[in-house]
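**Q** Residues per chain are reported as follows:
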Amino acid sequence: MSNTTVRRLVRTTAVVGALALGVTACGSSDGDGGGGGGGASSGLTPADVEAALEEGGTLTVWSWEATLPAAAEAFMDEHPNVKVNVVNAGTNKDQYTALQNAISAGSGVPDVAQIEYYALGQFVLSGALTELGSLGADQLDGTFSPGPWNAVQSGDGIYALPTDSGPMALFYNKTVFDEHGIEVPTTWDGYVEAARALHEADPGVYITNDIGEGGAATSMIWQAGGRPYTVDGTDISIDFSDEGSTAYTEVWQQLLDEDLLAPINSWTDEWYQGLGDGSIATLATGAWMPPNFESGVPGAAGDWRVAPLPQWEEGANVSAENGGSSMAIPSAGKNQALAYAFVEYLNVGDGVQVRTDAGAFPATTADLNSEEFLNVEFPYFGGQKANEIFAESAANVGAGWSYLPYQVYANSIFNDTAGQAYISNTTLADGLKAWQDASIAYGKEQGFTVTE
Amino acid sequence: MTTLSPPQGTGRAGRSGPARVPRKQRDRRSWTGWGFIGPFMAVFALVFLAPIGYSIYLSLFRDQLVGGSTFVGFENYQRAFEDPQFWSALGRVSLFLAVQVPIMLFLALLVALALDSGRLYGANFFRISIFLPYAVPAVVATIMWSFMYGSRFGLIGNINDAFGVSIPDPLSPDLILAAIGNIVTWEFIGYNMLIFYSALRVIPHSLYEAAEIDGAGQLRVITAIKLPAIRGALVIATIFSIIGSFQLFNEPSILQKLAPNAITTYFTPNLYTYSLSFTGQQHNYAATVAIIMGLFTMVIAYAVQLRGMRKEA
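Residue numbers (the working numbering), protein chains in the order written: chain A, 44 to 495; chain B, 53 to 365.
Chain A with its partners taken away, still in its complex shape:
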């Protein structure tokens, strides 16, 4: 017995030692050019940013955005003494978990992290992000679309720069629709009918995939005019019984009841296969999607097209945002001045063009309104000028939406609550109510003042 204990102990010690070494290695690779000040308000100035660029160094960037590696290459070409390591630390919530862990642990924190708008609140609230105003972000008023620009601000501070935005559109597989002679729907009621027609024509075809996802549900409710969350500092109210939410549950409940949704989780292998082989016929999602199509579903090039998002009322023209990311600089990052130089390049500087060329959807108004941008033809979408549709959608995003300051957590329990409607007799409306209750309970626990 004692023998094995000792052996196990030796092994554990070896592992701990190896881990410690790993951590040290990560720490030292971060470089230390420029000012390495901590705390939420950096006190760094644009001059520090210049100096950091002169000096060079290494940056670690956590991002799952498909066009980022190209932009990082371009940045390194321009600044040969800076090395940018782009690390894919997981897509959205997986990365937030990793980031939260790194921040709590105080080691392994990246210099720059991609954070979607809905998730910023949580990180800002806990003081995990550097305030960028003094670094030069306070000069950027009017540079970005109002939606994303508002989303990166909290109180008087600017905590990230908008990288892309996600005005929604309907991506559809034209080949599948043509094959069965079905019209592309313009309303959500029409969407349900198209779902029935498609599934009847070929039982292997589903209108879309959905197994319950908080982000998708809230975007739909947003477009339908629902405003379930109101946030005023730490005063919060959550109410999923308004008209918009009801409109959403009524339509979606039909799709659920008639098994018209492919039970496939997004971003899985099955999902990519479904998008490629025509069994998933549409995706209502953000304008950041095209590069993901190109990299993830290369086989279906030419099949897909983009249409405006179906409307809740015939003839209306309202849109919503889904996803959309910003680049933030964690306070625990080592080289904030240099990090800002990269973030600025990526979101305001020449990096925008590099990323737009690769198919990204920018958040900068100048690029969004430029003829060049609007006239881009997407070979993947059969030469369609998809940006026109995205830009139109961006201009019609419903106003006054806000997310919870703990939306990441709220979305993580969506499947525990509302998701049950996908696998049991619970209705979606009841599911949303359960989600509301659980979100309220968590808010109260965390010290927010919550009303229903």
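These are calculated hints, taken from the structure and not from any lab test. Glycine included, C-beta positions come from ideal geometry on N, C-alpha and C. Heads up, a few of these hints could be off.
Stated by the list, open to error - Partial chain A-side listing against chain B, Cβ under 8 angstroms, derived: (1) Thr311; (2) Tyr449; (3) Val451; (4) Asp459; (5) Tyr485.
Since the structure of chain A is already known, use the hints to place chain B on it.
**A** This is chain B only, laid out in the frame that chain A set:
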């Protein structure tokens, strides 16, 4: 431990271990001993005691997004005992324990007995193939199985297409626990088989010869000699399996991506702790749940050990 010690009556049972070394000069307060044990104690305290102490410390506080950290005494423990999600998680792993562990151990025992019987052709190949899944990391194994479980593009889907049948989806809420049980069984049969097999190997051959002279059949040899002789190994394997069941995490955590509605964030106690801590940032409550689970596991494992060992004596 007594796991590998030969059964009573072989004349070697008395030398059960170095536990009873006489402690001479106990009263002289010599610190030389501490010099020897010091390095061990330092590492032991650092990697075993300190984390436990820190968890207990954490469990006495509550850290809020708004308001920061406050001392709350045993409030977290009280909350855990009233938390339906915690109890449902505990209930789920208990059910898993009650069903999966007996099946797995029975199969492992069967394989070990078959190997030990010496009547198997290609026994070495058989042994290594059954042990092989244990060498596959649990994460990889689960990903592999999740491909097979896929009812659209996976093995299940292929079988459905090829034979025109419709096998129920193993990732549906009703079957997900069984699907996980299947993966765990596949992974750990080999490991348990090896424990049983090595215990069987140390049974002295003279016993079998004696049994043969007495005219005992194979079944009789198994029930009268082999099983009693490896009781210790059975108890140990059971305890390991109990601990493993209560700590179920890898398999549901990976399958969650495919079946997020069936595998909730509080599917098993460990998964619940993970969600609380890493997505909910409720480190304090997570520590509380972890400590309660630790105590719970200890009590059950100890009870099994007491029961198992008492009969042996």
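**Q** Hint by hint, say whether it matches the structure.
**A** Hints, verified against the model:
The beta carbon of A/Thr311 is positioned within 8 angstroms of a beta carbon in chain B (closest approach about 6 angstroms), and the interface hint is therefore held. Interface hint at A/Tyr449: satisfied, since its Cβ lies 7 angstroms from the closest Cβ of chain B, which is below the 8 angstroms cut-off. For the restraint placing A/Val451 at the interface with chain B, the shortest Cβ-Cβ distance is roughly 7 angstroms, inside the 8 angstroms limit, so the hint holds. Because the closest C-beta pair between A/Asp459 and chain B is about 4 angstroms apart, less than 8 angstroms, the hint holds.
A cut of 8 angstroms between beta carbons decides the hint on A/Tyr485: the least distance to chain B is about 7 angstroms, and the hint holds.
The structure fails none of the hints (numbered hints given earlier).
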